[in-house]
Amino acid sequence: MSQRPGDFDQYWQDTLDALAGYPACPEIDAIPLRTTDFATLYGVRLTSLGPYRVFGYLSIPAGRGPFPAIYYAPKYQSVLEIIPQGTANLQRSRYITFALAARGQRNADTPYAAMFPGLLTDGIDRATSYIFRGIVADGVRGLQFLLTRRELDPARVVVVGNDMSLITAALQPGATHVVTAPQLFHDTAELAPRTRAYPLEEINDYLRAFPSRAESVRQTLAYYDLEAFAPRSSATTLVMAGAPGAVPDATSLGRVVAALRGQVTVHASEQSSYKDGLYAERWMAEQVDIMDLPGILPEHWR
Amino acid sequence: MPNPVLADYRSKVRKPDDFDVFWEGVLQQAAAVPLAPEMVLDPLRTSDDVEVFQVFYSSLDHLRIAAWYCRPAGLTARTPAVLFLPGYQMDPPIPKEWARKGYAALSVAPRGKLRSLGQFNPGYPNLLTYNIVDRHTYAYRGFYVDAWRGVDFLLSRPEVDPARLGVTGSSQGGGLAITTAAMRQEIRAAAAGAPYLCGYMDAIELTHTYPYEEINDFLRIHPDSRRAVEETVAYFDGINFADKITCPVIVNIGLQDNVCPPETGYALFSRIRAADKRLYPYDGHGHDAGRYTQQSIIDQFFAQHLRSER
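These protein sequence lines map, in sequence, to chains U and X.
Just so you know, we're using the working numbering here: the first sequence kicks off at 1 and counts up by one.
Just so you know, we're using the working numbering here: the second sequence kicks off at 1001 and counts up by one.
A couple of the hints might just be wrong.
Stated by the list, open to error - Rough simulated footprint, nothing fancy, chain X against chain U, three-plus residues with beta-carbon under 8 Å:
{"#": "1", "region": "23-35"}
{"#": "2", "region": "61-69"}
{"#": "3", "region": "113-127"}
{"#": "4", "region": "136-150"}
{"#": "5", "region": "228-235"}
{"#": "6", "region": "261-274"}
To be clear, the hints were calculated from the coordinates, so they are not data collected in a lab.
The structure presented is a predicted model; accordingly, all values stated were derived computationally and were not measured.
Cβ coordinates follow ideal geometry from the N, Cα and C atoms, glycine included.
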């Protein structure tokens, strides 16, 4: 079990203060190739901590808002998707969507190009210089930008992702709902040795190469543990847990779930991207009062 | 149970008359480029049971292609090998698990993928439609060859038994497994999951999700290019490669696949020439195509066809 650092709140307040020192300076360009009669797509560049310029895809539905919004927080992969692979493009007709590439991902990989695997342990032996401090700041900056959009209904803002969705909602007010599928930062130091699968295997690789850094790695990871962030989030939350026995499953996520302040639903994976995906789509639609869900589902899910 | 409507689906794709001539020409160009393989031990990723190497080799247009190569530590005899091919958006993984099962394993990053993007980087989205109006410069022309050349790398390794090569992958990796098995007769067994790049023009009508939606985006902007697009992708459609596959092959599909429509999986399977072929359709599954169940079937399949020496 990860120990919450005594200066956890100060560490993140310092990060947010540093981020606040850099205006976002948004640069927004329409992308006609990905624009349809039901939604306009924009490329957005924003300044984040560093300073570092990050990139996102913003889609605005046609018609009069306000619209509910989905913020796709940065994923752990090099590719930035407009909307997640397999999502019906028509999702963009009902929701504002904003997907952000954090530093290191494609479209935000200059000057820093992340490696996968590799990103998870970049600078992990020092909390102050760990790459994810900047990535978390990028995630926060993305939500801050989305909340400035006049088309957005501030009562219906869903943040979707892996760990970064919950962390972002915990650090930046404005998320009304969260869908989180923890992957990286739940009890990482304890759970990593129980798996040989990447990305957690990156931790095992690192500690095998640098065993003397185990304690400093543990200390850094403690600043990123979802259990420590959970009490700061009051959003209504859907936790997408692994199937029983997976890392992490609903059982191992119990303390995170218990620490969340908002209403929480836990869905244990049915090991079907169809069943799990449909569950999450239905949950979001119910939460934001979208009544015609079948019309914005992939054809083979209707 | 599989929906009979899906199972009877007929693809619109037609094989161009000069399909074989086109690919013979591409392979001739590729053959003029020496493989020039490099293999560098990666101490950070190497463990007691698996040696991990960063691999680089040359491919069509003289691009350097990266890959991960894993082999069981302490190999004393020639070993079977598996070529792993990546999904469209996937960062090519380090195939340690295959090495732990006793195989040498190569995970290729075809051009444009992370670690292989210094000379060619159309990006995502974009790869699917990059030069899609010209088969001679279409992105997948080189991309396919990069995958196929993974076989040459494996054949260059003295620890690999050249008579025991398998290929696998899912989604784009499934489509590439199909084309690789078709074009490289050294492949003795192929396992393809949720095959992408099969039935391109069918898929863009059957589903409206990315990545196939990239083609609909392109055609919305360039409606006059539809015929050129159809002509190009016919040369790259896995369904048109299927009649070249003679090795044992298994294919798994999800009947609620929201990325690669199951109809195209059926259409592909019906065109595979191999006598030893089996389709695993998973009802209640999407683009995962039942992988949680299928992985043990793939393990058994490769064990049957690759583990025993010939």
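Right, here's what the structure says about each hint:
Note: the region 23-35 of chain U has 3 residues with beta-carbon separation from chain X under 8 Å; the three-residue rule is met and the coverage holds. Here the region 61-69 of chain U counts 0 residues with a CB under 8 Å from a CB of chain X, which misses the bar of 3, and the coverage is violated. Residues of the region 113-127 of chain U with a Cβ under 8 Å from some Cβ of chain X number 3, which satisfies the need for three, so the listed coverage holds. Coverage of a stretch by a chain is defined here by at least three residues with a beta carbon nearer than 8 Å to that chain's beta carbons; for the region 136-150 of chain U and chain X the count is 0, and the condition is violated.
With a threshold of 8 Å between beta carbons, the proposed coverage of the region 228-235 of chain U by chain X is violated, since 0 of its residues qualify and at least three are required. With 4 residues bearing a CB less than 8 Å from a CB of chain X, the region 261-274 of chain U meets the requirement of three and the coverage assertion stands.
Checked against the numbered hints listed earlier, the structure breaks hints 2, 4 and 5; every other hint is satisfied.
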